[in-house]
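Since the structure of chain A is provided, determine the placement of chains B and C on it from the hints.
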Amino acid sequence: MPIILNNLWIIPLLPLAGAAVNGLLGKQWPQSRVNAVGISSVSLTFLAVIELAREFLALPADQIPWVRSYAPWMVAGNFRADFNFQVDQLTLVMLGVVAGVGLLIHIYSTGYMAHEGGYYRFFSYLNLFMFFMLTLVMAGNLVLMFVGWEGVGLCSYLLIGFWFLRKSAADAGKKAFIVTRIGDVGFTIGILLVFWTFGSVNFSEIFKQASGMPIESVSQIGTLTTICLLLFAGAIGKSAQLPLYVWLPDAMEGPTPVSALIHAATMVTAGVYMVARMHILYSHAPLAMLVVAIVGAVTAFYSATIGLVQTDIKKVLAYSTVSQLGYMFLGCGVGAYAAGIFHLMTHAFFKGLLFLAAGSVIHAMGGEQDMRNMGGLRKKIPITYWTMFAATLAIAGVPLFSGFFSKEAILDAAKDGPYANLYLWTLGILGALLTAFYMFRLLFLTFFGEQRYDEHKVHVHESPKNMTVPLILLAILAVGGGWFAAPTMLGGPNHFENFLRPVFETGAPAAASALAENAGGPETGGNALLKSLAAPGVIVALIGFLTAWWFYIRRPDLPKKLAQIMHGLYELVLNKYYVDEVYLALIVRPLLWLSTNVFWHAVDERVIDGAVNGVGRGARELGGELRQVQSGNARSYATWVVIGAVGVTVLVLGVWGMVR
Amino acid sequence: MTLPLILFFVFAGLAVLGALLMIFLREPIHSALALILVMVALAALYLLLGAEFIAAVQIIVYAGAVMVLFVFVIMLLNAGEEERTNLSKLAHYVGWPLGIFLTVELVYWMSRATIGARVTTPTIAPGDPTRDLSMLLFKSYLFPFEITSILILIALLGALVLAKRDS
Amino acid sequence: MSEIPISYFLVLSAILFGLGVLAFVFKRNIITIFMAIELMLNAVNLAFVAFDRAHGAAHDGWVFVFFVIVVAATEAAVGLAIAITVVHNRQSLNIERVNLLKF
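Top to bottom, those sequences are chains A, B and C.
The working numbering applies: residue 1 is where the first sequence begins, and numbers increase by one.
The working numbering applies: residue 1 is where the second sequence begins, and numbers increase by one.
The working numbering applies: residue 1 is where the third sequence begins, and numbers increase by one.
Chain A with its partners taken away, still in its complex shape (with noise of 0.2 Å):
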């Protein structure tokens, strides 16, 4: 009797109790009740998807889907969204990935936030973002995913703003929450859409009918189309992509903990998991994909020229983020859904590894950022000195490591699959260069050299257990995670795809599949791992990391005389292109003005105000010219009684005319 596919709702349910009773109660309460409440409500939900996916394994094939109602919820003539959970593959990935790291990273919170303010409060709004994204995970429509998405960005918002009482925090949260709400305008355009072409807004539904419909051509708009692009929009947003990335950076402001659940490991993840999920309408659309790709690509390849000079540890992190999230599209675009969330599921490793690692580093460091002040920590805090180096190859794309199967698999398709665009594979290469160079940049300038910090002013001790623990796990997911498709090049089937292709392939277009055949398809073994090791991804890593050899080990005098040469081009990029200041004076400086000027003074004050508070004085001015007829003299009254009298006479009467 499967116990979970039944009760899909204590997944999500879970860790929503456990924000309400930390939330509600936990003020007063010690450390180590809040985090029974908070971890165990987690660590319950990770069994319960270890269940499910047990049971889910079980399932014969016809039954998957496995769709369940719990409850209606909006019911209007035709339409109809129920909370309804599904669960395919897909669904499993990532709940996977979401349970997993969210459970690792809350352990990591309680050795970081302990000496913070507002614990309870923290871990209040941390599963409360688990409920959210859960709920975005498993839902069996779109309006559900959508209150998951703007539930995520909600704690988004109060999880980078935690610590409120700070100017640059309250303003990034607001920054992130109102960003991401531009694309999520074009995402409710889309839901709209979707059921106005479709009549549902079920998943079960829309991808039956898409299924049927004809591929539309590429050099015309047609409704499919549309709807991607719109839902796209809202990806671009909450995926931090091009133009609307510039809300990550900013959300560095929050704890670290924050960072790497939130904006690595899974919320930003919500976009790709999005087109992953419409793969069919997309596939039917082929100008969207493009549009897709190439917004990933850009983005990659843009993102990381920026990391390239940032001097804030969690910055180049943060642009580390934002790059590799547009590989994740690359992927999707060019039809490698199952390419792109392999990504996603190691970019959830080894990312959400190199947050907790650089909060490890922070924490070490008394508080300390900024990267030109640190030097040399390698011997001082090994643990988190090679957990955070697994990391990096693993980004790198160094062979063996997961980040490398995964980098290799979005790269190929770009090159050679159904969809491939060799400009776009030309950036992905590019940034693959820069993204190894400015990895290993980070980890030379922070663990080796010469100690750039004052002994007597920072004591740089290791990291309690409780954070150390679940580097270490998620650096051995970082190394190994990557086995899920390696077999490919020694000669056995891709296990990742295999797992995924009943997703993928039910409903797509015979090209999308046609890929997802091949990546699957064995290869002769030892040829294929000569051949990719060789991969042009693989020499780009080689090449950056030897360029940061140079640049940070063997001459570190080099970055300084090279950056006071292209001084120009160094304070561009420094500057992240001066994008923040050219949005501020474009856009929020206009719309601000707007703002008070016209909505305030204008229209709220003047029209509003004026008309009601003028039917008050109306109404008392009235009043007052009515009351003259109280004058308190008995003949005024006479007058008026014959007046009346008059009146009623005529009435009855007629003037002149009327006979009787």
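Just so you know, not all the hints are guaranteed correct.
[What the hints assert, rightly or not] So, partial list: chain A residues that the calculated Cβ filter (under 7 Å) puts toward chain B:
| no. | residue |
| --- | --- |
| 1 | R635 |
| 2 | V642 |
| 3 | V646 |
| 4 | L653 |
Since the hints were derived computationally from the structure, they do not count as laboratory data.
All C-beta atoms, glycine included, are put in the ideal place defined by N, C-alpha and C.
What follows is chains B and C alone, placed relative to chain A:
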């Protein structure tokens, strides 16, 4: 020009004269006497219309009791000549035209009334009108009759209470 | 015999009524105003009697006249009592002096 018609014009003229006197004489006691003139003239007109009982009641009750009451009160209050105040602007400007308009309108319509184009004869109506009246009063209109007596009782008490001086 | 059209009586009634209204509006003495009201009632009585004569044998019109006279008498009694009280309070017979109940 028959006798009834002449009589009518005489008494009608007296009535109108009395009304005008009532308006234009300044002492209230003079106005009261003018009103008595009006009532007596009206009583004569009732007789012309064959309503003997009503004419008698008019003289006895109206002219004989009500107007006497008025005269008593005027004398009691020592009402002198009227002050010429004119505080109400409304009455001063609007009252005149309206009053005249009302009069003219009513006169106009009354003059066009075709009801009773049947005319009156000056002889007393056939039958016993007083007996008929009493029949009506004590049969069909008994209830209002009795209520009226209660009304008079109430008025009596009210007048008593109101006019009593606090001793 | 000769005949007087009923409408003559009605016209007279209208004239008397109108004069009563004018007196009501223009006179300032309380007692005089009451007398104007009595004039109006008399004019109405005349109209009733005239109509009664026009309607043949039934004498319902006279019943109404009867009641009008009774009620007018009653009203005169009570009204004059009120007038006395007012005059005692305000020491003046001018109704324009009775003006405390204003805005």
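So which hints don't hold here, by number, going up? none
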